[in-house]
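Trainee: Per my numbering, the sequence shown starts with residue 1, numbered consecutively.
Accuracy of the hints is not assured; some may be wrong.
What the hints assert, rightly or not - Below are the DSS-like pairs computed for lysine-lysine, each with C-alpha atoms no more than 30 Å apart in a straight line:
1) Lys335 <-> Lys474
2) Lys361 <-> Lys102
3) Lys397 <-> Lys361
4) Lys121 <-> Lys397
5) Lys121 <-> Lys361
6) Lys541 <-> Lys361
7) Lys102 <-> Lys121
FYI, nobody ran anything at the bench for these hints, they're computed from the structure.
Remember, it's a predicted structure, so these values are computed and weren't measured experimentally.
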Amino acid sequence: MVVDDNAGDARLAQVALASAPTSLPYQVTIVETLAEALLVLGRQVFDAALLDMGLPDCRGIETVQRFVAAAPRLPVVVLTGIDDDETGLAAVSVGAQDYLIKGSLAGAQLHRALSHAISRKQIEARLRANEDQQRAILAASPMGVAVVSPDGTFLFTNARLRSILGMATSEGGLLSRFYRDPDQYQAQAAGVIRGEGGDGQSVELVRSDGVGIRVVQTCNLTRWNDQSALLFWIQEDGTVAAPAAIPAPLSIPATRPPEGPQALAQAKSELLAMLSHEIRTPMVGILGMVRLLLDSALDARQQDWAETIAYSGEALVAILDDIFDLSKLEAGQVKLEQQPFDVRRTIEGVIGLMSSRAQEKGLRVSLRLSKALPRTVTGDARRLRQVLLNLLSNAIKFSHQGNILLSVDDAGWDATGNAQVRFTVTDSGPGIAPAVLSRLFADAPAVTMGDGERIYGGRGLGLTICRRLVSLMKGEIGVDSVVGRGSAFWFCVPLGVSHETIRLPSVAVPSQPPLSVAPPVSRASGPLTILLVEDNLVNQKVVCSFLLKRDYQVVLAHDGYEGVERASRQRFDVILMDVQMPRMDGLQATSAIRALGGELGRVPIIALTANVMMEDARVCLDAGMDAFLAKPLTMQALYGTIDQVLSARHPAKSDVGLPAPRTDVQLTEILKIQKETLNRLQRDLGQDFLSSLLGDFVAQGREHFALMGSLFDRRDTNFSETEIILAQQAAHQIGTMAKSFGLGQLLVDAEEVEDYLSRHDVVSSGEVYSRCQKSFEQSVQVLRELFPVS
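Hey, can you work out the whole structure from these sequences and the hints?
Mentor: Okay, structure coming up:
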C-alpha cells in the first residue's frame with residue numbers, strides 16, 4: 001500500500017518499485033487519505049506500507065500513530081519531503097520501521113528499505129513468541145518470581161512466589177504491602193531504577209497469614225509488555241517471629257540450612273545455564289542448516305528469507321551468551337587468565353571484526369594507538385576483547401553517520417609495575433541525556449536523548465557485563481557524553497608488561513623476492529583480473545575507467561583489510577594498492593599479503609600514492625611492493641607499469657617505478673592548475689565521463705569542507721581528538737582529489753591544513769582552512785569554464 005495524496009509522488013514510488021531488483025514483482029495499491037487507507041486495511045492484506053506524513057485528513061506524527069494503531073503488525077516505511085533526522089526518529093519512535101526522503105528514491109533503495117522493514121516485523125513477532133516462552137520459564141522457576149511495575153503493582157507472579165507469600169492465585173495489589181518495612185521496598189526499587197544494583201539483599205516479609213519470613217531477593221530492571229518493569233527473584237532464607245496477635249508455626253524444617261545471597265546467585269546461574277544449553281542445542285542445527293541453505297542456489301527472495309533466519313538465530317545466540325556471561329559473573333564463576341599476549345594485534349583484530357558491520361551503515365571505524373603502548377602485555381586477552389567488542393557494537397548501533405574512533409593510550413604505571421592502559425570508544429551518535437549517565441551501567445538502562453524522549457532501549461546486558469568485567473580486571477569504566485555531539489565510552493585497566501616473545505605468524509617480507517616464481521601471466525588465457533585497493537571514490541572511478549578501457553576485469557576493495565581478505569581468497573594477476581587508507585594502510589596490507597605465501601603471496605603489487613618523494617618509494621618497495629606509481633596517474637604509465645611487473649614479475653626493486661625527486665622548480669610549477677593533466681584525463685576518459693567525474697569531485701569536496709567548516713567556524717578551538725581526526729581525514733581526501741586533477745594550489749593548502757591538524761595546531765589549521773576553501777571555490781570556477789561540470 002502506498003498512502004500519498006500527491007499523485008506524482010505515488011506514481012514515482014510505483015515506478016521505482018517496478019524497477020526493484022526482486023524476483024517477485026510488487027503489487028501496489030495507491031490511496032490518497034488516511035481514512036481511505038484505514039478502510040482498505042480492513043478488507044485487504046498487505047505485506048508493507050509506504051506512508052506519507054502529510055495527508056489531507058491528518059498530518060505529521062499523528063498520521064503515523066493512527067496508521068500503526070490500526071495495523072500494528074504491518075511494516076511501515078514513512079515517506080517525507082522533510083530532510084530532518086528528528087522527524088524521522090520521531091516517526092520510528094511511534095512505530096515506523098524506517099523513513100525515506102522523497103525525490104531521491106531508487107528502486108533498489110526502496111526495495112531494501114521495505115525488505116528490512118518486513119524482516120524487522122518478522123523478528124518482532126519471533127520476539128513476542130520468545131516473550132511467551134520467557135513467561136513459561138519464569139512460571140516454572142523453582143525460585144519465587146515477581147514482575148512489578150515501577151510503582152510496585154504486580155504484573156506477574158509464579159506459583160512458587162504465591163506459595164512463599166501465601167497469596168491467592170488471582171491476588172494482585174502492591175508488592176510493598178508484604179514488606180515488614182514498606183520503606184525498605186521503596187528504597188531498593190528506587191536504587192535499582194537509578195542503576196545502583198539490587199543483588200542478594202536480605203529482607204523481612206510478612207505472609208498473607210501474618211507469618212514473618214526472611215528472604216534473599218535480587219531485583220533487576222526488565223521489560224514486560226514493552227514497558228519498563230522490576231523483576232524480583234525471591235528465595236526463602238528462614239522464618240522469623242510472627243506478630244504477637246497471630247500464631248506463627250515454623251514453616252521451614254529445622255534441618256534445612258539457610259541460603260544466603262551467594263546461594264541465590266548460584267541457583268540463578270545454574271538455571272540460566274540449563275536454559276542456555278536447552279535453547280542453544282536446537283539453534284546449532286538451525287544455524288548449521290541455514291548456512292548450508294545459503295550456499296545453495298536461491299532466488300533473491302529466498303536468499304533474503306534465509307539471511308533473516310540466520311540473522312535472527314545469531315542474535316538469539318548472542319543474547320544467550322550475554323545472559324550466561326552475566327549469570328557467571330554474578331555467581332563469581334569468572335576467573336581471569338594471566339597470559340602474555342600481543343595487545344596491538346588483539347585490538348586490530350577487534351577493529352577488523354567490527355569494520356564490516358560499520359560499513360553496512362556507511363560508517364568508518366578508525367584506530368589510534370599510542371606509540372608508548374607496550375607490544376606484549378600480560379592479562380586476559382579474551383575478556384579485554386569482549387569489552388571492546390561490546391563498546392564498539394553499541395557505538396555502531398547508535399551512530400548513523402560519521403566516524404567511530406577507538407583510541408588506546410598509555411595512562412602511566414601503577415605501584416605494582418603494571419601499565420595502566422586506557423581504551424576510549426568515541427561515536428558520532430545522538431549523545432546521552434545527563435539524567436541517564438549516572439545509571440547507564442545498570443542492568444537494563446534505556447538510552448535517552450537530551451529532551452528526555454526515550455529513543456533506544458534494550459536489556460542493557462552488554463554494558464552491565466562490561467562494568468563487571470572491568471571491575472574484575474581491577475579497572476574502572478565510564479562515559480562522557482554531550483547530547484547532539486556523541487559519546488565517549490572509556491575504561492582503564494592494569495596490564496602487566498611481559499618480555500616473553502609471542503609466537504605469531506610472521507608478516508615480515510624478505511628484502512629480496514623468492515628465487516622460485518611463477519611465469520608471467522599470458523594474456524592469451526583471457527583478460528587480466530586486477531584488484532584495486534583504494535578508499536577514495538573519485539580515484540576509484542578514475543583507475544577503474546583506465547583499466548576497463550583495456551578490458552581488464554576489476555575487483556574493488558575499499559581499504560587494506562578488505563584487500564587482504566580478497567587477496568587471500570582469489571588469485572589476482574596484479575594488485576593496485578593505495579598507500580594511505582583507514583584501518584589498515586597499503587604497507588600493512590602488502591606485508592599481510594606477502595605473508596600468505598605460495599601463489600597468493602607472490603602476486604605483483606603496485607603502489608598508488610600522492611607522495612612522490614624518493615624515500616616514499618623506497619618505503620613502498622621495502623614493504624614488498626613491486627612498483628610505484630605517483631598520482632595523478634596517466635593511462636600510459638599505468639599500462640606500462642602493469643606490463644612491466646607482469647613481464648618481469650619480480651624486477652630489481654631499485655629501478656622500478658621510482659619517481660624523480662621534486663625540485664624547487666617543480667614545487668613552483670605545482671602552484672597552478674595543470675591544464676595538461678585535465679586535458680590528458682579528457683583525452684583518456686572522454687568528455688562526458690570527465691564531466692561526471694568532476695561533478696563528483698565538486699560534490700565530495702563541498703561535503704569535506706562542510707565537515708571542516710562545522711568545526712573551524714565555531715568560536716572555541718577546544719576540539720576533541722575525534723574532531724581533529726575527522727577534519728584531518730577530510731583535508732587528506734581533498735588533497736588526494738586535488739592531486740588527481742592537477743589542482744596545485746588546492747593540493748598545497750590541503751596538505752598544510754592536514755599537517756597543522758596532525759600537530760594539533762587548531763588555530764593555524766583554521767587560518768589555512770579559509771585559504772584552502774577559497775582555493776577550492778576558485779578551482780571549481782576554473783573547472784566550470786573549462787568543462788561542463790555537472
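Trainee: Determine for every hint whether it applies to the structure shown.
Mentor: Status of the hints after comparison with the structure:
no., hint, result
1, Lys335 <-> Lys474, "13 Å, holds"
2, Lys361 <-> Lys102, "20 Å, holds"
3, Lys397 <-> Lys361, "9 Å, holds"
4, Lys121 <-> Lys397, "18 Å, holds"
5, Lys121 <-> Lys361, "20 Å, holds"
6, Lys541 <-> Lys361, "22 Å, holds"
7, Lys102 <-> Lys121, "23 Å, holds"
When held up to the earlier numbered hints, the structure conflicts with none and fits them all.
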